[in-house]
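Student: These protein sequences, in sequence, are chains A and L.
Residue numbers for the first sequence follow our numbering, beginning at 1 and rising by one.
Residue numbers for the second sequence follow our numbering, beginning at 325 and rising by one.
Keep in mind the hints are simulated off the structure, nothing from the lab.
Note that CB positions come from ideal geometry on N, CA and C, so glycine has one too.
Be aware that a few hints might be false.
What the hints assert, rightly or not - Label-pair ranges, simulated between beta-carbon atoms:
1. A:Ala224 - L:Pro388: 51 to 57 Å
2. A:Leu35 - L:Thr433: 48 to 54 Å
3. L:Pro349 - A:Leu12: 55 to 61 Å
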Amino acid sequence: MRAVSRASPAGLAGVALLLALAAASLFVGAGHLSLARLTQDPAAWTLFAASRLPRTLAAVLAGAGLAVAGLVMQTLARNRFVEPMTAGGGQSAALGVLAVTLLWPAASLPMKMAAASAAALAASSLFVAVAQRLPPTQPLLVPLFGLAYGAVLGSALTFLAWRTDLLQYVEVWINGDFSGVLRGRYELLWLAAAATGLAWWAADRLTVLSLGRDASVGLGLDYAAMMRLGLVIVSVVSAITVTTVGMIPFVGLVAPNLVTRLVGDHLRRATPWAALAGACLTLGCDVLGRLLRHPYEAPVGTVLGVVGAAAFLWLLFGPRPARA
Amino acid sequence: MIRIENVSLTRGGARILHDVSLTLPKGGLTALIGPNGAGKSSLLSLIARLQPLQTGRISVEGLPVDATPGRVLARTLAVLRQDPGVASRLRVRELVGFGRFPHSRGRLTPEDDAVVAATLDQFDLTPLKERFVETLSGGQRQRALIAMTVAQATDYLLLDEPLNNLDMRYARDLMRRLRARADAGRTIVAVLHDVNQAAAYADRIVALRDGRLVAMGAPAEIMTPETLDAVFGYRMRVVEVDGRPMALHHL
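Turn these sequences into a full structure, and let the hints steer you where they fit.
Tutor: Structure (structure tokens):
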């Protein structure tokens with residue numbers, strides 16, 4: 001996150017926004033919580049440490065991870081309209097867990113996570129392989145293919161779950177929701193944060209990929225190896241998010257698009273900004289979901305569906321970015 | 325030296341290159357000419373290891389292109405494909421900076437920064453350096469891509485139709501710059517469509533047709549009505565202007 005801290009008033013404003021949202025997230029919810037009660041009431045402290053803090057961290061980690069995964073995927077596919085969740089990554093991760101659950105019910109959580117990651121990797125690899133074969137003159141074919149591809153995988157998932165009577169179980173992964181996040185049940189999301197760090201580390205080389213295969217080879221980049229690294233980042237983030245909090249749509253699409261409009265496609269600059277934007281968007285939508293029908297909740301997936309779709313339409317049809 | 329031995333290429337059942345053997349000495353500017361579909365771009369991309377060699381051998385400076393690590397080759401040879409489709413939100417200085425990738429692997433050193441600044445200046449790109457590539461005109465983008473390739477600072481430079489999209493002034497500028505680099509001992513191979521540019525600036529012209537080598541020699545040897553007819557398939561007048569041959573190919 002060096003670039004953000006080094007940077008501009010805009011970076012500071014972004015961090016301040018994230019902190020404000022985090023504070024709101026810590027003190028908004030069905031159970032009443034205030035700073036005064038926190039110091040006096042041990043039950044309030046338990047609520048804070050076991051639920052509110054993990055929930056806030058989960059939203060930040062998942063949002064940042066998905067935004068960076070989206071940015072990486074858009075770089076690999078050389079297309080701005082793809083995101084990991086809807087283009088098969090999320091559905092295949094859920095398929096992977098379901099398969100392990102059926103074949104080997106005693107599997108531990110890390111094993112399920114590994115299966116989810118492997119399934120997401122296979123699905124994302126296939127997606128990018130097909131995306132590269134689609135004509136670059138028709139950029140909308142890629143997201144259309146992604147939607148169809150994700151829908152097919154999603155149908156397979158639903159069918160399998162229905163036949164095995166596990167539909168309710170699967171619902172948990174399909175609908176992103178932070179309300180079930182408790183201490184001890186979100187920590188794997190730190191791995192998604194680590195994958196984000198990997199993207200930042202490899203930012204220069206991943207950006208070379210965006211110049212296309214020929215330019216990458218000409219510059220001496222191991223194109224295939226870099227492609228694999230990018231796919232691993234995308235898959236791990238997708239799989240971990242799906243298995244811990246469920247599918248969260250649009251973050252991977254809206255946050256990177258917003259960011260690259262302003263700071264450009266160089267991942268060295270765009271990665272920290274995308275992480276920040278994704279965290280703010282996800283956390284903001286989660287807080288909003290808790291406030292809309294207080295004390296009841298709207299799941300973050302639903303809120304993001306509405307907010308994200310509106311934001312995306314604005315990105316598509318709104319004012320063009322100024323010529324820098 | 326670029327050594328090409330018995331190279332053939334088949335794609336989708338069609339013969340693109342037919343047993344091409346060719347040796348280009350170190351230093352100098354070579355123009356590759358020929359009609360559309362002659363195999364010029366394919367030959368260039370084989371030399372630059374952008375596609376796998378099917379038969380034959382190619383080496384650059386003694387390095388076999390199919391067996392040398394990409395990183396090593398990238399410090400010997402730079403290539404610009406025709407229309408690489410880079411329309412991204414990279415700033416011009418970032419794009420040109422990627423030319424330094426083989427040397428610094430991404431993190432630009434002060435030395436890299438100096439090379440990038442000098443190259444931007446050379447190609448009149450300094451006023452555009454903060455612009456996103458996607459906002460440039462076709463000619464500006466072409467200049468930025470050439471600048472990236474030149475910033476790679478390799479002894480060998482392969483350019484596929486570098487004059488595409490350039491206006492007369494920038495086309496002339498580029499040819500003069502390439503000439504100066506060749507005079508400084510670098511080896512440049514460029515696919516050119518305008519035989520007169522080739523005749524005016526190249527040391528030697530290599531002519532391909534239907535995947536075969538038809539002619540090779542100094543401009544004066546190639547720029548004859550008979551040879552040009554053999555290459556392009558129609559008769560054109562060749563006149564001499566200020567001691568240089570000039571084909572009236574448009575008449």
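Student: Hints numbered earlier in the text: which of these fail when held up against the supplied structure?
Tutor: 1
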